[in-house]
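As they're listed, the protein sequences go chains A and B.
All residue numbers in the first sequence are consecutive under the numbering used here, ending with 314.
All residue numbers in the second sequence are consecutive under the numbering used here, ending with 300.
Don't read these hints as lab results, they were simulated from the structure.
For clarity, every value in this text was computed on a predicted model and none was experimentally measured.
Check each hint, because a few of them may be wrong.
To be verified - To give a feel for the contact side, a few chain B residues facing chain A, derived at Cβ under 8 angstroms:
id : residue
1  : 48
2  : 93
3  : 122
4  : 143
5  : 165
6  : 169
7  : 274
Heads up, the beta-carbon is just placed ideally off N, CA and C, and yes, glycines get one too.
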Amino acid sequence: MVISLRPRSPLPARGRRRKSVLRQEAIDGYVMIAPWILGLVIFTAAPLLFNLGLIFMEWSILTPPKFAGLGNLERLLGDRLVPIALYNTAYYTFIYVPLHVVSALLAAMALNARLRGQHFFRTVYYLPSITPQVANVMLWMWIFNPEFGLANVLLRAVRLPPALWFADPEWAKPGLILMGLWTLGSAMIIFLAGLQGVPEPLYEAAKIDGATSWDQVWHVTLPMISPVIFFNFVVGVIGSFQVFTSAYIISGGQGGPANSTLFLVLYLFRQGFEFFRMGYAATISWLLFLIILGFTGLQFYLARRWVYYEGSAR
Amino acid sequence: MSSTALADHRTRSPAAVHGRARHTARGLLIAAGLYLVLALFAVTFVIPYFWLVSTSFKEIGKEFLYPPQWIPDPFVWRNYVEMWNLLPFARWFLNTAIIVALNLIGATLSATMAGYAFAKLRFPGRNVWFAICLATMMMPGIVVLIPQFILYRTLGWVGTNLPLWVPSFFGGSAFAIFLSRQFFMTIPYELDEAARIDGASSYRIWWSILMPLSGPVVAALGILLFQSHWNEFLGPLIYLPDRINMTLSVGLRTMLGLYSTRWNLLMAASVAMTLPIIVIFFAAQRHFIRGIVTTGLSGR
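One chain only, chain A, in its complex shape (with noise of 0.2 angstroms):
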């Protein structure tokens, strides 16, 4: 995605009237932004910087808050569940991930093909992006309940062993990361919009240059789109580090069975709401925030490498 910093340039005004129109200009412009700005400092910087505090304080919210020095830090380090937690989240983003953006990719490029009926199935690719998480989850709990679920209906007919899905320790994560892949159709519409943004003129020349459909989806389309992969990678790992509704509802909000679904933010959750331990629960979510940090930066570094920007001197 290029974005591009510079609007049209306005009408040229001369001599004092310029000024005053440019004045008057850029208060209206700082009006305008205002509300923004305003939100930017109450809802986003201000508690940001609270936060940073709070890793130093022990508050139960019901009580004063007391300096606890580092002993946020301190519990952090010792406490069995954050690596455990931390793995959840791991695994969880690596695995669903990539699955998640190259399967959006595969089926917005099927979609993006002249067929006929592709307005159907781009629908029915999207609905279950636009169905609610909380009725998306129960129905897949449903799905994968282990007795009566349609899951292990169809495992049995094909003569495979049932699974026990969110009973089962090695299954929960798994089918949490199938559920998720039901969802595809955000990333799905984001990589359409970017197909529909490769000028036809590359194709007809590679075509001329004798390229089969291989070598244009391969030195055309990714090239290409390679913006909106990035897109597509960046949110969606910032998202799935979050990972949170799914997790909280099938396990009843206590990240079972035996915490193979407990990720950071519900561990999070648990700290602040459940334990009311708000300096603790703070603590882990800078800790959150700078592994999320971290891979985002990482992910901007590799983009030097593979990430091509139409127009931009290389």
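Let chain A serve as the given structure and place chain B on it in line with the hints.
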């Protein structure tokens, strides 16, 4: 940008099947294969829905038959009535609708206003502010969860729906600002110029000239905002603990604890929660098509 592509009938750059290639035997083969794969996956996407709707009409006990009953027999409409009576469903519906509506109003107003300023007005520091706006899009919301809770608790907002919509009046979301800014960039500057010469202020241009032209972006924003707020779970879970004030998402979750074996009722509730958003989606699709045709909203 994103949702608009769904409704686009034109396809400009087919990756695999090209116009002329389809008339050759190989082209036909590729097309047939593609159809097969698409249809196969479409089935896997549709079956869960079928299962959902089918279960919601099943008689109690019939959910557990093996092999499963695909068409409910008998067809029990009463499940929906029972579900509606067991839970304050109408109330939850209303709670959710109020929150969603306030978010839509707040975010649309404040995000298009900021988007307009970023797209059309020159002011010192604009690019810096816009870069900050883009950066906040990538900030994980979870890092302000705890301090925001403390803020709202200090304000006495916990137990009310205020934390769930007031922030929307302050810029909506960074993504909403970005989307409207990108849209306003596609509207010719001559329009602003003409209005300015006629003496219109920036606010007037935004509200009376550009907003009436912004149907497509407002529709796209609307559907994205509707979707995210209709679905929101963590916020209502934290801020609305009282049963009567709950939203649909959280209410539905509590139902899972209470009637964990009544899958027909749970599925009926899921259908009831899903239907409005599907209806709205299909209703709004029309606008997307118009948006694509008139403006060609793209990710640039």
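* To do: Identify whether the interface hint at residue 48(B) stands, where standing means a beta carbon of chain A within less than 8 angstroms of its own.
  => With a closest approach of 6 angstroms, the residue 48(B) hint holds.
* Closest C-beta approach of residue 93(B) to chain A relative to 8 angstroms, hint status -> For residue 93(B), the interface hint is violated, since the closest Cβ of chain A sits about 12 angstroms away, which is over 8 angstroms.
* Grab the minimum C-beta distance from residue 169(B) to chain A and call the hint holds if it beats 8 angstroms, violated otherwise. => Where the cut-off is 8 angstroms and the nearest Cβ of chain A is about 7 angstroms from residue 169(B), the hint holds.
* Holds or violated: residue 165(B) as interface residue toward chain A, Cβ cutoff 8 angstroms? -> Nearest chain A Cβ about 12 angstroms off; hint violated.
* **chain A contact restraint on residue 143(B) - CB to CB distance below 8 angstroms** => holds, 4 angstroms
* To do: Have a go at the residue 274(B) hint: is there a Cβ in chain A nearer than 8 angstroms to its own Cβ?
  => holds, 5 angstroms
* Does residue 122(B) meet its interface restraint, that is, does its C-beta lie within less than 8 angstroms of any C-beta in chain A? -> Hint holds; residue 122(B) Cβ to chain A Cβ min 6 angstroms, cut 8 angstroms.
Against the hints set out earlier in the document, violations occur for numbers 2 and 5.
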